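4 protein chains.
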Amino acid sequence: MLPPLTQIPPEIAALGDYERFARERIAPASWAYLDSGAGDEWTMRENIAAFARLPLRPRLLRSMQGASTALNLFGCDLVAPILIAPTAFHALAHPDAELATVMAAGATGTCMVVSTQASLLLEDVASAAAGPLWFQLYIQPDRDFTEGLVARAEAAGYRALVITVDAPVNGVRNAEARAGFALPPHVRAVNLDGMRLPAAGAPGTLLFGTPLLESIPDWSAIAWLRERTRLPIILKGIVDPEDARRAIDFGADGIIVSNHGGRALDGIPAAIDLLPDVANAVARQVPVLMDGGVRRGIDVLRAQALGADAVLIGRPILHALATAGALGVAHALRVLMAEFELAMALTGCRTLADIDAGCLAPAPRR
Amino acid sequence: MLPPLTQIPPEIAALGDYERFARERIAPASWAYLDSGAGDEWTMRENIAAFARLPLRPRLLRSMQGASTALNLFGCDLVAPILIAPTAFHALAHPDAELATVMAAGATGTCMVVSTQASLLLEDVASAAAGPLWFQLYIQPDRDFTEGLVARAEAAGYRALVITVDAPVNGVRNAEARAGFALPPHVRAVNLDGMRLPAAGAPGTLLFGTPLLESIPDWSAIAWLRERTRLPIILKGIVDPEDARRAIDFGADGIIVSNHGGRALDGIPAAIDLLPDVANAVARQVPVLMDGGVRRGIDVLRAQALGADAVLIGRPILHALATAGALGVAHALRVLMAEFELAMALTGCRTLADIDAGCLAPAPRR
Amino acid sequence: MLPPLTQIPPEIAALGDYERFARERIAPASWAYLDSGAGDEWTMRENIAAFARLPLRPRLLRSMQGASTALNLFGCDLVAPILIAPTAFHALAHPDAELATVMAAGATGTCMVVSTQASLLLEDVASAAAGPLWFQLYIQPDRDFTEGLVARAEAAGYRALVITVDAPVNGVRNAEARAGFALPPHVRAVNLDGMRLPAAGAPGTLLFGTPLLESIPDWSAIAWLRERTRLPIILKGIVDPEDARRAIDFGADGIIVSNHGGRALDGIPAAIDLLPDVANAVARQVPVLMDGGVRRGIDVLRAQALGADAVLIGRPILHALATAGALGVAHALRVLMAEFELAMALTGCRTLADIDAGCLAPAPRR
Amino acid sequence: MLPPLTQIPPEIAALGDYERFARERIAPASWAYLDSGAGDEWTMRENIAAFARLPLRPRLLRSMQGASTALNLFGCDLVAPILIAPTAFHALAHPDAELATVMAAGATGTCMVVSTQASLLLEDVASAAAGPLWFQLYIQPDRDFTEGLVARAEAAGYRALVITVDAPVNGVRNAEARAGFALPPHVRAVNLDGMRLPAAGAPGTLLFGTPLLESIPDWSAIAWLRERTRLPIILKGIVDPEDARRAIDFGADGIIVSNHGGRALDGIPAAIDLLPDVANAVARQVPVLMDGGVRRGIDVLRAQALGADAVLIGRPILHALATAGALGVAHALRVLMAEFELAMALTGCRTLADIDAGCLAPAPRR
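These protein sequences, in sequence, are chains E, A, S and W. According to my numbering, the first sequence is numbered sequentially starting from 1. According to my numbering, the second sequence is numbered sequentially starting from 1001. According to my numbering, the third sequence is numbered sequentially starting from 2001. According to my numbering, the fourth sequence is numbered sequentially starting from 3001.
Careful, some of the hints might be misleading.
Pair ranges (Cβ atoms, derived) [claimed, not checked]:
(1) W:Ser3063 with S:Ala2363: 50 to 60 angstroms
(2) S:Gly2251 with W:Ala3353: 28 to 38 angstroms
(3) W:Asn3280 with E:Gly157: 34 to 44 angstroms
(4) E:Asn170 with A:Ala1027: 45 to 55 angstroms
(5) W:Ala3353 with S:Val2169: 51 to 61 angstroms
(6) A:Arg1284 with E:Pro184: 25 to 35 angstroms
Quick look at which bits of chain W chain S covers, simulated, 3 or more residues with Cβ under 8 angstroms [what the hints assert, rightly or not]:
(7) 3035-3045
(8) 3140-3146
Computed far set for chain E versus chain A, every beta-carbon distance over 10 angstroms [claimed, not checked]:
(9) Arg25
(10) Leu78
(11) Glu123
(12) Ala128
(13) Arg143
(14) Gly148
(15) Gly171
(16) Val172
(17) Asn174
(18) Ala179
(19) Arg226
No wet-lab data here; the hints were simulated from the structure. Just so you know, these numbers come straight off a predicted model, no measurement behind them. Just so it is clear, CB atoms sit at the ideal spot from N, CA and C, and this is done for glycine as well.
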């Protein structure tokens, strides 16, 4: 494996360019863990392919004076509707781990969503932050531990909780299994130290009837959490309009439309294809974010046009992190922001409020 | 050719992973016979491709307490709606032949449908069974022989008859012809010993007007059989709603929607695409099963969502058999069941009754 | 280049298998002439691809007693609705040229349509025929010559005239140009000896305003011909419903839906996609045939299902001819007939009259 | 790099054939500048792919006497509805630069649209012209300079102004960035000497808030220009029907439907897919031209059928220029004209007025 770069070469002009460089800098088994999707990876591919099925509609000769990409989400001022998605174990990608990522977030004015499965203590990540942080967690079977984790996040200054609801059990992660992935000795989920885990079956055994399955959280767990924190609760992984409405009924302050980057259940449609129905059902009662397949500034525009308030970036951040640490992540974010500005300028959108379904091309007629 | 494996390597994490290993363990001409499809193999490819056109709709945060995949079909208790499809001559894949397959069926609680063209006597296969068996046959021009075969199956304890109706004559099997396939000396259809065959034309000659074609069974043959057995009769290869209704009128107790794995008539749609119309026409009067292209737990879920009571697995069983005998088949079945459980858990389905068309995603809107 | 084969190897099991063998036996420049299509060859590829978009609908358990593929077209008894399409210069494919083709036609009971641009005199081809022949021609600017050609065809016993109307000028034949094709010394259009040709521009110059363009035939030419022959007139190359109706008004006795094998105007839809509208417009007033892309027995069935009375085979005949002369052509025709019988048997069609739109699958529903 | 050819080899039979030859004759970084598209080049590919989705409808046996491709646009007599699109810096493709191109335009009776970013002074190009020229420009932030440029174009005899409105800022030009393109010392935008430029940010910095963005032209700039020239004003880059109507309201004399060859905003639909709605909105009040993806005579016909009065050719002109200078460009134009004549002849169109939506095939029915 090659060492991280200390400057960005001209070959890296777009987010997608980082993948090749990252693959040369991450151990194959770790790559299988970080980068692969569930099953046949149909959903993972669709996340990207679906964006290309949404052609744009430029409108020209509009004034761009005073143009801005700024927004406020849950009280956090953001320079652009682009956040860092929660992903596990940044130490697998770069020795600086989440410290590099959070430094890049601060340098670019981006909000980072820190994963429960970070390689570093959530408090240590927070200490290095120059901007707003959100904390991602699962409602664990060990409810006392969960409550303690929430309290730690609040104390460390995290501004919102992102509750992942679409992966109560691990997906069909064939690539990991084939590569024989296991966490290397120096990497573990330090934030989960001390948590009690329900017994799972032996590897390869079935799921139904195990304590693990019997203890997965249901809607009542959301109600339980709602009573235990003042922070905004954002449910991540909601893809169905009915579930979105129920989330609001149970007190969710936001929704992230996501198929877990295609890592949970293969066969879910692309996140961008799921977004419109959910946004429609939410009817602007709470913010709707999305992740999955965003690689270009025009993708950010497309997501906004279909009802997203902001997008989160997952794999490309890890690719940039592995390639060049904090420098890579900051560069990647800056490139995406610049592309997004250009996309707004060329579709005649001066502010985020100008971006609506009219930015997408109608189907061609003859 | 390589010998069978005695344990399953990590590279085999899914049913599809067996194909590459099997190909190294089956003689090329036998592979052409066992694995190829008719004509240009469009139907064979479609069987798999069509599943990927059916995206799923997860619903989250539902309780999975007491979840189960169990069902009862024709009086047989099954742990999951997954059966072993009838395929010919398992001896071409592994020296243990059908004995390995039936042993794996028993170990996993799966029902095996034994082919008339098994390499072993139907009685010998039955003796090794630990669970329910069904027997597949063609209504042969030699009706006395057919009646005798049915009587033997009944006597040996088979619990249902699967009558294949979609291949009264062989399909356009170009791959076999090109490979010059012929059964090796130690393999033959032992269950058909003593049967009278109508004269067919010389190889390469035409079909119309031959005694073979003149004697193919029609609907009256189903009525004839209905009067000669107490066992449930399941017609396999029905793909048309009108034919499905007629099958019920003629006394069929079940339907298997199947295009014979793309081995009979190339150009038939994918089995999963044919299923909904047939299921709709049957209107739950009798069980409807399907085979063709099932490779993943999400495919089992898709079939259930479109009206199937269960699915049958063909080629992957042969691939696993060739790769690692009974161990391979049992592993393959277990993997599929585990994937199916996961698919149910992530779509919020606690029992088979919860799986309906609502598990499939609607077409994306904008 | 390899010599022709004297027997058919098992690798050749279908019409498409001949292509590879033929390519090794035809000079590259001749191959470019015989096999290429116009422009980017989109139409040529579509001719084949479109068939695969027409899935079949099998209906089972129907009696096939007394099944037959026979028909009568323009007074000619044919064993199957499969004819040999007119193609130029068989001498480029095999030294026996059209004599080999016509011998194979006789041996299989197929009607051959002999091209005006045959390498041999139409009378010599007719002398070797054991079955019905039709003669293909263009209405040439030299009308006296055209009339003489028709008289010769009548005298030689041809049973119908096929008038090609879709190629009054040569198409954009880039492959020929790139290969620098020119007829070899021993091959020429012997049937056109003595014909006066209008001056064309120099190579690479424009078409409009040249005597060639000014003299291309229009509908009045059909009326002119109608008065000069007792033979049935079949217009080949009609693709538009309005043109089809006009053809009948001008006295045509039959229509061949064809895009000239994709050799005239690239961008025309696949012939099989054009067929239904034309057949509908003709409303069985005259027979409708089609050519373009037929490679399988199921394609013959599809064409019948969409309204064709018969199909013609072009390139595969040349491939078989180049591969093994008369033996190859006879084998190719026999293979196609056998496949067609099988397609009828597996869709439950006893005679051609049973083949209708009900043999095609409806679009899948969910 | 290879030197330009001095004659056209038979391998070059179509416009697309030039690409391979050109690539061997242009420096890689210059190739990246001249040939690449924006972003992932989806729009660039779509421009070509979309034409293939528009099948043609031939109508046969129509008289072609007196056929013609001629037209008059903005007072200019053109032999065919084919113009040379404005492209920058022909000196990157061939040492003769725009002099070669304009010579070829004259030799073939084609109108050339000269780019502001020509490698030569607009007056020098005009001096070498044998036919009509139009001048392309951006309305620059330096309005005095813009006005002077217009005056120079008028004085030099240009017959129309083509105002590019779809690229007020550069697109996401990753290929250029990766190749590290910079203009070689001997090539620069000589026509822009002396123009004042607003400060842009440093490379890689953001766009919003920069003087560059604040000064981009809006609709009032069109009104401003309208008062300062007698020449016809043609807006290039209009893709939206509303914008097209507004263009007419602001005094535009013509519209060019264009996505800048996929070089401005990736994600815009193919130009040919955008054309019908714009043509419909314009309702023949002013001429509508299009560029993007025209490679064949049938593409010219398709564009006419969907409402274009003429098409412009971009990249293929540069490819032909690099391959063989003026000879190459003249050959390419002649080939395209000859193909277009053939397309008209085979669809039965005697003049441009005969080409309408009826030349396109309806969707296939069953």
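Okay, the hints, checked on the actual structure:
no. : hint                                         : in the structure
1   : W:Ser3063 with S:Ala2363: 50 to 60 angstroms : 42 angstroms, violated
2   : S:Gly2251 with W:Ala3353: 28 to 38 angstroms : 31 angstroms, holds
3   : W:Asn3280 with E:Gly157: 34 to 44 angstroms  : 57 angstroms, violated
4   : E:Asn170 with A:Ala1027: 45 to 55 angstroms  : 39 angstroms, violated
5   : W:Ala3353 with S:Val2169: 51 to 61 angstroms : 21 angstroms, violated
6   : A:Arg1284 with E:Pro184: 25 to 35 angstroms  : 54 angstroms, violated
7   : 3035-3045                                    : violated (count 0)
8   : 3140-3146                                    : violated (count 0)
9   : Arg25                                        : 24 angstroms, holds
10  : Leu78                                        : 26 angstroms, holds
11  : Glu123                                       : 29 angstroms, holds
12  : Ala128                                       : 33 angstroms, holds
13  : Arg143                                       : 15 angstroms, holds
14  : Gly148                                       : 22 angstroms, holds
15  : Gly171                                       : 7 angstroms, violated
16  : Val172                                       : 6 angstroms, violated
17  : Asn174                                       : 4 angstroms, violated
18  : Ala179                                       : 8 angstroms, violated
19  : Arg226                                       : 13 angstroms, holds
Hint compliance for this structure: hints 1, 3, 4, 5, 6, 7, 8, 15, 16, 17 and 18 are not met, and every other hint is.
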